[in-house]
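Protein chains in written order, with our numbering: chain G, 1 to 340; chain W, 1001 to 1361; chain D, 2001 to 2558.
In short, the hints are calculated from the structure, not lab data.
Cβ atoms here follow ideal geometry from the backbone N, Cα and C, with glycine treated the same way.
Some hints here could point you the wrong way.
[Said to hold, decoys possible] Here are the simulated distance ranges between beta carbons: (1) T2149/D - K1258/W: 34 to 40 Å; (2) P1260/W - T2338/D: 25 to 31 Å; (3) K2050/D - S1357/W: 26 to 32 Å; (4) D2140/D - A131/G: 57 to 63 Å; (5) A2348/D - K1166/W: 44 to 50 Å.
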Amino acid sequence: MLLSLEAATVRLGGRPVLDAVGLDVAEHEVVCVLGPSGSGKSTLLRAVAGLQPLDSGRVLLGGRDQAGVPAHKRGVGLMFQDHQLFPQRDVGGNVAFGLRMHGVGKGQRDTEVGELLELVGLPGAARRAVAGLSGGEQQRVALARALAPRPRLLMLDEPLGQLDRSLRDRLVVELRELFRRLGTTVLAVTHDQGEAFALADRVVVMRDGRIAQSGSPLEVWQRPADEFVARFLGFENVVPATVSDGAADTPWGKLPVPDGSPQGDRPLLVRPAGVRLVAADEGLPCAVTARTFKGTHVAVRLLPRDGGPPLEAACALRAAPEPGAEVGLAFDAAEIVVLG
Amino acid sequence: MHNKTLVAVATGLGLLALPVLTGCGSGDAKGSAADSRTVTLVSHDSWLVSKSVMKDFEKKSGYKVKVLKSGDAGQAVNKALLTKDNPQGDVFFGVDNTLLSRALDNGLFQSYEPKGSGLVLPQYRVDQDKHRVTPVDTGDICVNYDKAYFSEHKLTPPQSFADLAKPAYRNLLVTENAATSSPGLGFLLGSAAKFGNDNWQDYWKKLKANGVKVVDGWEQAYYQEFSGSSEGRKAGGDRPLVVSYASSPPAEVIYAKKRPSTAPTGVSQGTCFRQTEYAGLLSNAKNTKGGKAFLDFLLTKEFQEDMPLNMFVYPVREGAAVPPDFVKYGPQAKDPETMAPGTIAANRDSWVKSWTSLVLR
Amino acid sequence: MDVARTEVAAARKGTARGSAARLGLMALPVAFFAVFFAWPVAAIVARGLKADGVWQFGRMADVVTQPDIRHVLWFTTWQALASTALTLLLALPAAHVFARLDFPGKQLLRAVVTVPFVLPTVVVGTAFLALVGRGGLLDDLWGVRLDTTVWAILLAHVFFNYAVVVRTVGGLWAQLDPRQEQAARMLGASPLTAWRKVTLPALAPAVAAAALMVFLFTFTSFGVVQILGGPTFSTLEVEIYRQTSEVFDLSTAAVLTLLQFVAVGAILAVHAWTVRRRESALRLVDPKVTARRPRGAGQWALLAGVLLTVVLLLVLPLAVLVQRSLDAPGLGYYRALTDADGGTFLVAPLHAVWTSLEYAVAATAIALLIGGLAAAALARRDAGRLVRGFDALLMLPLGVSAVTVGFGFLIALDRPPLDLRQSWILVPLAQALVGAPFVVRTMLPVLRAVDGRLREAAAVLGASPWRVWREVDLPLVRRALLVAAGFAFAVSLGEFGATVFIARPDNPTLPVAVARLLSRPGELNYGQAMALSTILMVVCAAALLVLERLRTDRTGEF
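Using the sequences and the hints, build the whole thing.
Set out below in structure tokens:
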């Protein structure tokens, strides 16, 4: 285990920002911590880096307790949300900073800086001034700088937050490739679940200083642990239900549930893909209230005729009905998850 | 670990620096204490003696003289009083009769009767039983008048206190603040000596009605308001009467760009107040032997005759010659007002207070 | 949840180290302040108020109720208020001109405007006397004499403090984003309303801070009142001087000192509060962006008006000084400076220039060390209230009478290893007391503006705290450091009050030499005094001009 957090607690202003958090990151693993703002994600990174002392609990790097070890001795890399490039130095000076601190000689420094800049897609940019860089370029320089001293653990704070959509999508792929190639252990935090899912081997969802769920992106996506995680992931079709045997009583009627689901009063999630549009008299009668184009599919909002909360369905581009149309809904048990 | 180093280094540097710096500086002080070949004189800024005279003393006595000038007369005395438990020197010169009681009552000096005390003219002697101070020089605070003005206006210059209150001399006199200036105080004391405790206020009321102008210091009065001094003339001074020293007319002659045949200013003989300056051996002085030798030196003929042209004062030693320029252009006052130091001490503060509210407010 | 004690202790050690570093930074400034300011002042106050080992607090009531003292208190406050109002009135338009208008010679003008601030009072008093006093310029031209009125004092105060308002208010004004005003105008506000509702509230803290500083300086004004006021006008500071130095009534002086302390402390507390407000939450931009050439008759008229005021009020007195120094044929007065007349000085008066420079270098070094450490401690994000209180405390020497400090030195620093009474280091120490606050004021905003996360980024990359400071803070504050040094240097050159009490008389500084020359008879001495003053003026102006080139927008003012 490269990184281990044991019951790490940080209190700021009286309330616990990190509340007895336990986390393990194995070597070569890419873990993304996902959560809304205020959930304690950045504090987690700072605590591991040594910039924020723990009120209780331990941080172990490579099996060693890091209590009393100052930030500059921990051997971790941290890439800040707003990059924090040193304004007085050029690109090469920034990237070489960590190497200088570790006493690497000038010749070797120059070589490594050149290699790193190529790696991040900015070949030959060493002499450029920091002030003239675009957002994407700054981000790459920050990444190169964090990678230069070969940290055993690389931490990223909102790595793609500042960039526009197309750049973001492209960089996610590049980063994943890079990490895989270098075998870097990465701990990233973000509030964007698309980013987290694209980048991570494992996703950890945080809420109010606690871990709500930890698992591979697929696991978390298919089986959110509770209502909070489900809603955070963007699912809207969450309703309270009473589960007995293979069915659940919900405001939308009786829905089938997969085998082995927990019984009793639980929240229930229907993924949009599990809501099939059928003829109005064949399923739950609903009216279409809105349609949103999502690129690969259309998200259709539906309101049941007999009351009950609105829900969302995913339709193929050509099959999406107009707002106001009357449709019927059928539900696929495979896309239904009993939460909690 | 590194923060602790920083703390240690910072405090260490600070603690180290201090002795190093003080070592640089107080080398002199330590030297003079341990090395009893140096005698230190504490005085006011107007102390002056010819280099040759001083060298002579140093050669004859074997002591080296260090001079510490500390402000004007009042400041110097006060500083000496503040530091009397651990004085900065051995001998103090420059306490005058107006401040004498303050010095004596606070135990500033220790007893010593210098050689040559017997030759001090009797009218200057003081503290006969304890001999804590030695008179060194004397001067008179008198009203000076601008000869040119009075001859132009065909007016006789005033010659007495009472004259100054006469309407003929309206708006012609400038004096200094008695609270802060030595000549100003001297003039006040002179009037108190002349008219007595009960009547000097009336006199000043008359003076005020007669348009007397009060300024803060002697420099301003003499160099700017007085029409008789060369600078005053340049500055457009319009007051031909100023409270100054009896030695000011000779100074005008000696320092003039072109030496005139007669002094441009004169002294109103009846307006004078005697000021005597004293010196003494400081209690707790480190080098008492040297201090005593220096006090002896102050009464020698050589020093006494050197004083007039340097400090513009008159000698107190019998038989000491006054330079011919002084005699020609500024004779010593014949019959100045005097006041016992004890009387001055008893009344000074209350007199200055009532003077201030009478004249200034 | 049971957590082992060792773990808790281990986590706590982290925070303890942080505060140890903070305390370490503060150690030297606190020690300096305690030994060279608090102790001497306490000693002289105790000497006054403690008779035979018993505190005479009753004295305080006695002194305060005396009508003379009440009159002095009233006059001190009144003339400070009037001076502040007059300065604001005359200097605010200039602040606007410096902030928003661009014209050739702007840097030179800013240096010129600042020169009066660092000149010693003896020079200023003499210059004003030469202008408005007997035989002065106004007297020659129109027969007007102001030296017996309170106007001379007020005008001299404006002369001194013009720069404070121009730099403080102007500095902030230049950095206000004009787009804020433009946004208001897009929403329908007239130009005047937009200015009133957007710019003025943003400027208010700077105006308040500047006004408080001017009030502080004029409240504690000494030399100006003494020289120009004559015997009728007396402020608290002049009264303290008289009581201590001439009347030798130490108990009254002690009470007045305490009174002044309280007043100055209150002023400084309010000032600290306004400074904090000013430094928060404002959108600041590069001042180079906001200044442009004057457009329209109104702006040209404003520029002309300000230039006229500067010439009449600031340049003219100094010009009279220079003119008087040139009165002798063939620079006679200047040449006379090079030989000792064996009387007033043991060495040539010109030697005083060298002495002043030596002292100034030493004083600047001390002020930079003390002020720099204090600024570094104060700039930390985790600076607690105790440390911030020290910020105000460091400014106290600006408001305490120099004679109190000087006499305090005499009675406090008289035993080894601190028997510094005759040590040359005493003068730079006293000058550093006045210079350190300027260093702190200049460097603090710059240090605070350094993003803490930049330091964290360096730390995570492997830089120890010392290297963090060297690699991140130092390059960013280097310029501010130079400006602070320059200011401390200029202030030290012009310092007069404390120096005249504790300087070794055989080794006078420039201002002390000027005072000495003025007190001696003869036009030769007066002329030499004028020549020395001119030299002092030129050196100060040169130092300040260099400063102007080095200033950045972030460098703090008052």
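C-beta pair A2348/D, K1166/W: status relative to the range 44 to 50 Å that was hinted: holds (49 Å)
Supplied distance hint 57 to 63 Å, evaluated on CB atoms of D2140/D and A131/G: The hint (57 to 63 Å, Cβ to Cβ) holds, given that D2140/D and A131/G are roughly 58 Å apart.
K2050/D paired with S1357/W, Cβ distance criterion 26 to 32 Å: With a Cβ separation near 30 Å, K2050/D and S1357/W satisfy 26 to 32 Å, so the hint holds.
Supplied distance hint 25 to 31 Å, evaluated on CB atoms of P1260/W and T2338/D: Holds - the Cβ-Cβ distance for P1260/W and T2338/D, about 29 Å, lies within 25 to 31 Å.
Range hint compliance [Cβ, T2149/D to K1258/W, 34 to 40 Å]: holds (37 Å)
Comparing the model with each numbered hint stated earlier shows that all of them hold.
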